[in-house]
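Engineer: Given next are the chains, with one letter for each unit.
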Amino acid sequence: DNQTMSTIVGNNTKALKKGDPEPPLVPGVARIYGMRFCPWAERVVLYAAAKGMNVEIVNINLMNKPEWYYNKQPQGRVPAFEKDGKIVVESAIIPEYLDALYPDSSILPTDPYLRAKQKILLEQITPITSAFYGLSSIIRDNLEGEARDEKIKEAGAIIDGIEKLLTDEYFGGSTTGYVDWMILPFFERLTHLSTVLSLPSPFPCSSSSSRWPSLSSWFTRISSHSPSLFFQPMNLHVEFFKSFVGGNPDYDIGI
Amino acid sequence: GSWTIQDWTRQDRKQTPTNSAEMSKVVGNDTKALKKGDPEPPLAPGKARIYSMRFCPWAERAVLYAAAKGIEVEVVNINLVNKPEWYYNKHPQGKVPAFEKDGKIVIESGIIPEYLDGLYPESAILPTDPYLRAQQRILLDQVAPITTAFYGLFAIYREKLEGEARDAKIKTVEDAVDGIEKLLKEDYFGGSSAGFVDWLIFPFFERLALLSSPLSLPSLFPSSRWPALSSWFGRISAHPAAAAAVQPADAHLGFIKSFVVGGAPDYDSGL
Chain A
1 DNQTMSTIVG NNTKALKKGD PEPPLVPGVA RIYGMRFCPW AERVVLYAAA
51 KGMNVEIVNI NLMNKPEWYY NKQPQGRVPA FEKDGKIVVE SAIIPEYLDA
101 LYPDSSILPT DPYLRAKQKI LLEQITPITS AFYGLSSIIR DNLEGEARDE
151 KIKEAGAIID GIEKLLTDEY FGGSTTGYVD WMILPFFERL THLSTVLSLP
201 SPFPCSSSSS RWPSLSSWFT RISSHSPSLF FQPMNLHVEF FKSFVGGNPD
251 YDIGI
Chain B
1 GSWTIQDWTR QDRKQTPTNS AEMSKVVGND TKALKKGDPE PPLAPGKARI
51 YSMRFCPWAE RAVLYAAAKG IEVEVVNINL VNKPEWYYNK HPQGKVPAFE
101 KDGKIVIESG IIPEYLDGLY PESAILPTDP YLRAQQRILL DQVAPITTAF
151 YGLFAIYREK LEGEARDAKI KTVEDAVDGI EKLLKEDYFG GSSAGFVDWL
201 IFPFFERLAL LSSPLSLPSL FPSSRWPALS SWFGRISAHP AAAAAVQPAD
251 AHLGFIKSFV VGGAPDYDSG L
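First to last, the protein sequences are chains A and B. Mapping the first sequence onto the UniProt record's numbering, position 12 (from 1) lands on 12, and the numbers just tick up by one. Mapping the second sequence onto the UniProt record's numbering, position 185 (from 1) lands on 185, and the numbers just tick up by one.
These are computed hints drawn from the structure, not numbers from a lab. Ideal Cβ positions, reconstructed from N, Cα and C, are used throughout, including at glycine. Keep in mind that the hints are not guaranteed to be accurate.
Said to hold, decoys possible - One side of the interface only, derived from the structure: several residues of chain B facing chain A at Cβ under 10 Å: (1) E85; (2) E108; (3) Q142; (4) P145.
As the list claims (entries may be wrong) - Once the Cα atoms are required to be at most 30 Å apart in a straight line, the calculated BS3-like pairs of lysine-lysine come out as: (5) K35(B) x K117(A); (6) K257(B) x K117(A); (7) K153(A) x K101(B); (8) K101(B) x K117(A).
To be verified - Restraint ranges, calculated between C-beta atoms of paired labels, are given here: (9) G76(A) x E162(B): 33 to 41 Å; (10) D168(A) x D102(B): 21 to 29 Å; (11) A144(B) x A157(A): 47 to 55 Å; (12) G246(A) x E85(B): 49 to 57 Å; (13) G254(A) x A144(B): 52 to 60 Å; (14) Y113(A) x E85(B): 22 to 30 Å; (15) G263(B) x G254(A): 52 to 60 Å; (16) T220(A) x K171(B): 47 to 55 Å.
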């Protein structure tokens, strides 16, 4: 981690909705627009924390968006990053922008080849997002029997592939890197799903019979890094997800 | 001026209307596709190589970008249904494009251009300003729908779709292009000159234009429905980098025909 402890404010503030005014943004202050349970927004919060940045978070009610939020992201999605009147969107693009704004705490390599390798590695691991959606759909669609087993099998195969790609302590090498922070939110949610669904291959699993020993120990290792302090507790994630599949997401659950 | 269908189907498109004085530094684009059993051509230190396939839009992105940068590069074409064994050392799934120089290999058509700018900064196309650079990358994501929508046109051709099924595929393309038309605010997506997004999106519009007549769509693209994009297309088609990468229409249509009927595609169409 970066030596400087990050000061991140607003992570547990209520989601702003239609009719709520836009909070003024002071020049020089960095802001992330997020939602407490969104894995894509979380990527950016983790990256900012790993960089030791000071940043404020503004949470957005994604079912009832403030009108002004469409000026930040044209479809009203999170995350977005704003500083000094410049707005950057896309969870995989914002980190690169943060490294350029704050080069002293760069996480992406400056060497073009090593930088390209991190981006290629992220592409190769991107299937984890569909593993997450596949497992979530078991809950959302109340899948049972063969349909359920099929989703679990597909997710398992994806994670098997990613296990092979972890050839060092972290995906960034001997220290945490870009790829680690980009994929962590999905593995964090895999731990919730593992418990809620009683998955046949639990994650993480430290026993000698673990299906994914490298990823399990990677997850335990990275969870002790300070950005992981920004994880929402598992019970809140589970409650949020229930409210989400019920059609009435409670973005402010737990606060 | 705008580029008509007649211009587009000209055989001799390599002779561009504007400056052709610049000899392309991209060599090998019109070589036969290497297949299983063919030896790996040696690559001398300091030499740059793109692994490609003459009709692949994703690989074309890399060739266009290299040509636009004016870098010396050789193209090695790969037979994608009968790949040389050694090619899996370049790309783990044997896909194109891949870029190789001095033992370092970079894959992914969206990542190779940035790498080329890193290796050859004097001809950088992506902006160095972080905000402008981010905007180009974001813009690429926003125009991405055309890269999937255009495959629907192959499906019409291959499956001989008619009626509603055909109309649905065409509508997907039209919706994608409608969205992109709104995003084009200047002469190019890169601003006053061709940039990262222009080169990465051009192969897909090239194919829309190409497929208009085989699909009996006299004016799918270019079209007065999309005035900004149609005139962009004429402008960028005349760029010397397009001449270096684009295959003549008849060779390309020959490939597409072989590709949609199934069996082994004719990767050497026109050679």
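Engineer: All hints, please: hold or fail.
Structural biologist: Hint-by-hint comparison with the structure:
{"no.": "1", "hint": "E85", "in the structure": "violated (21 Å)"}
{"no.": "2", "hint": "E108", "in the structure": "holds (6 Å)"}
{"no.": "3", "hint": "Q142", "in the structure": "holds (8 Å)"}
{"no.": "4", "hint": "P145", "in the structure": "violated (13 Å)"}
{"no.": "5", "hint": "K35(B) x K117(A)", "in the structure": "holds (27 Å)"}
{"no.": "6", "hint": "K257(B) x K117(A)", "in the structure": "violated (36 Å)"}
{"no.": "7", "hint": "K153(A) x K101(B)", "in the structure": "violated (39 Å)"}
{"no.": "8", "hint": "K101(B) x K117(A)", "in the structure": "holds (14 Å)"}
{"no.": "9", "hint": "G76(A) x E162(B): 33 to 41 Å", "in the structure": "holds (38 Å)"}
{"no.": "10", "hint": "D168(A) x D102(B): 21 to 29 Å", "in the structure": "holds (23 Å)"}
{"no.": "11", "hint": "A144(B) x A157(A): 47 to 55 Å", "in the structure": "violated (26 Å)"}
{"no.": "12", "hint": "G246(A) x E85(B): 49 to 57 Å", "in the structure": "holds (53 Å)"}
{"no.": "13", "hint": "G254(A) x A144(B): 52 to 60 Å", "in the structure": "violated (36 Å)"}
{"no.": "14", "hint": "Y113(A) x E85(B): 22 to 30 Å", "in the structure": "holds (25 Å)"}
{"no.": "15", "hint": "G263(B) x G254(A): 52 to 60 Å", "in the structure": "holds (59 Å)"}
{"no.": "16", "hint": "T220(A) x K171(B): 47 to 55 Å", "in the structure": "holds (50 Å)"}
When held up to the earlier numbered hints, the structure conflicts with 1, 4, 6, 7, 11, 13 and fits the remainder.
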